[in-house]
Amino acid sequence: MILAGLLVMGVAAINLALLRLAGTLWDVITVQHDRDRMTELIGIFIGLVLLQGLCSMGHSYLTAWISQRVVADFRTHLFAHLQSLAVSFFSRRRTGELLSRLMNDVTVVQSIVTETPIDTAKQVVTFIGGIGFLLAMNWRLCLLILLLLPLLVLVAKFFGRKLKLLSTSIQDQTAALSTLLEEVISGIRIVKSFVQTKREEDRFLTAVQYGLSLSLRRASIMALFIPVISLLTFSAAAAVLWYGGTQVIEGTVTPGDLFAFVLFAGILIGPFSSAARVFAQIKEAQGATQRVFEILDAQPDIQDAPNAHVLSTVRGHVRAEQVSFSYDPRTPVLSHLSFEAQPGELVAFVGPTGAGKTTIINLLHRFYDPVDGRITVDGHDLKQVTVDSWYRQVALVPQETILFGGTILDNIRYGNPEASEAEVQEASKAAHAHEFVSAFPDQYLTVVGEKGINLSGGQRQRIAIARAILKNPRVLLLDEATSALDTESERLVQEALERLMDGRTTFVVAHRLSTIQRADRILVLDKGHVVEAGTHVQLLERKGLYHYLYTIRFSEQAP
1 MILAGLLVMG VAAINLALLR LAGTLWDVIT VQHDRDRMTE LIGIFIGLVL LQGLCSMGHS
61 YLTAWISQRV VADFRTHLFA HLQSLAVSFF SRRRTGELLS RLMNDVTVVQ SIVTETPIDT
121 AKQVVTFIGG IGFLLAMNWR LCLLILLLLP LLVLVAKFFG RKLKLLSTSI QDQTAALSTL
181 LEEVISGIRI VKSFVQTKRE EDRFLTAVQY GLSLSLRRAS IMALFIPVIS LLTFSAAAAV
241 LWYGGTQVIE GTVTPGDLFA FVLFAGILIG PFSSAARVFA QIKEAQGATQ RVFEILDAQP
301 DIQDAPNAHV LSTVRGHVRA EQVSFSYDPR TPVLSHLSFE AQPGELVAFV GPTGAGKTTI
361 INLLHRFYDP VDGRITVDGH DLKQVTVDSW YRQVALVPQE TILFGGTILD NIRYGNPEAS
421 EAEVQEASKA AHAHEFVSAF PDQYLTVVGE KGINLSGGQR QRIAIARAIL KNPRVLLLDE
481 ATSALDTESE RLVQEALERL MDGRTTFVVA HRLSTIQRAD RILVLDKGHV VEAGTHVQLL
541 ERKGLYHYLY TIRFSEQAP
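Once you know that position 548 of the sequence shown is 548 in the UniProt record's numbering, the rest is easy, because the numbers rise by one and skip nothing.
Just so you know, these hints were derived from the structure itself, not from any lab. One or more of the hints may lead you astray.
Unchecked claim - Below, in silico cross-link-like pairs of lysine-lysine (DSSO-like), each with a Cα-Cα straight-line distance of 30 Å or less:
#1 Lys527 <-> Lys543
#2 Lys471 <-> Lys383
#3 Lys471 <-> Lys429
#4 Lys383 <-> Lys527
Just need the whole structure built from these sequences, with the hints factored in.
Here it is in C-alpha cells:
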C-alpha cells in the first residue's frame, strides 16, 4: 500500500512538472521563438509522459491487488469471528441481515480502506505542489484560490451529515431485503402451499421501492453536492483568469506564466472535488463500517476461561448441580435443577411444552452456560475446560436434521473429516443408511441438495446418526430425534439410535414412548423443575404427571 501510495504521488508530481513545462514551452514558442529549445522541451515532455504511464500502471494494479486482498481477508476474518460467537448471538439475529453485513457492507468498507487513502495521497501531492508553484509564481493570485477553502469545508460538512444518515438507512434496508429474500426462498414450499406468492411479491416490491426512494434521495444530494463544489472552484478559476489576464495586459506577467498558472489553478480543482467526494464516501461508509464492527466487537458468551484446561477422553459421568437458567432475566426457564447420569446410562427428559427439556440439552452441550449452578463431566466443571475439547466428546442429533449441500459422503464425514470411505460405510451400516444410499445411482457421491432436500426425513435422520457414530462421542444428546418420522422410518432410526447409544452416556428429550421405555432414569419436568424421577414402571405406579402424559399423549403409541 505504501508502494502504491508512492507511485500515485509520483504520478501527481509528474503532472505538476508537465504543467510547469507546458507554461515554459508556451513562452519558448510565442515569445522566444527558439526551435532547438522547443524540441528539447518536447522531448522532456514525452519522457515524463512515459514515466507517468509506468507509475500509473503500477499504482492501478497494486491498488486493485490491495483492494481485493483486503476484502478477502476482511470477509474471512468476519466469518471466523461469526463462528466463534455463541448460539445465543444467532438466536437474536436474522440470517439475511448477517449475510448482508458479510457481503454488502464489507464491499462498501473496501474503498475506504484502500482506494481512498491512495487517492488522498495523490491529491495531497497535487494540492501542496500546486499551491507551492502558485505561491512562487504569483502569491496574490494564489490567495484568491485559498479563500475558497473555508466555504468548501462548510458545504462538505452540510452535505456529509445528510449522506451519512441516508447511507446507513440504505445499508439497513439492503440487509432487510436480504433477510426477506432468504426467508421466502427457504420457505418457498409454504409460500406456494398457502398461495401467498402475490403477498410475498408485494412485500418484496414495498421493500425494493423503499430502498429505491432512499437511493434516489442520496443520488439527489450527490447530484447537488458535486456541482456546488465545482461551481465554487470554477468561479475561483474565472476570478484568477480575469485578474491574471489584467496583469498580462499590463505587462507584469508573461503569457506563459499565466497559462501555467491557469493550468495549476485548474488542476487544484481536482483535490478540492476529490476531497468533497472522499468526504461523501467516508460518510457513506461510516454506516457500513459501524454495522461490520458491531459483529467484530461482539464477544462470544461461551468462551474458554483464562485457566481452562483441555478435556481428555472422558468416561461420561455427568452431573447437574442446582442449575438455573433463563434466556430473559424476567422469565426463568430452569430453577435449581439437579440430576446425574453414570457412564453409559440413558437419561430421558419428558414434560409438557415449555418445561425446559431442550434448554437442558443446550446447557449439556454448552451452547449456553447456567446462570447459577454448574454442570460437571467426570468431576470437571464445563466452564473450566476448553470449549472445543468438550465439543469433541459430545454429539447432538437434533429433531430438525441439518445437512449441508454436498454429497452424502461429505455429510457423514463431517463427524470425522479424516475417516476413510470404509469407516464411513461402517458408520452408515450401523445407522441403517447404507441400504438406501447404495440404491442411489451415485451412492455416497449423491448430492443431498440444500439442507438435504433431496432426501426423505428418515433418510436425513439416519445420515445424521451415521455422522454422530463416526464422531464416536462419549456423551450423546438426542432432542426428539424421531418425533417427525413415520412408523417405518421411526423403527429404522430407533434401531440406529440404539446402536449409537450403546456404551455411551445418553440424554434424550423423549416424544415417542418407545424412546424412553428402556431409559435407566426418566426426569419429568414442569415449569423448570424436576417434579418426578424414576423408571418407566415406577413413574406409572405413582399416578403423577408422567402417568398423565403417558395416558394422554403416549397411550396411542403403545403396542
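Those earlier numbered hints the structure runs against, lowest number first: none
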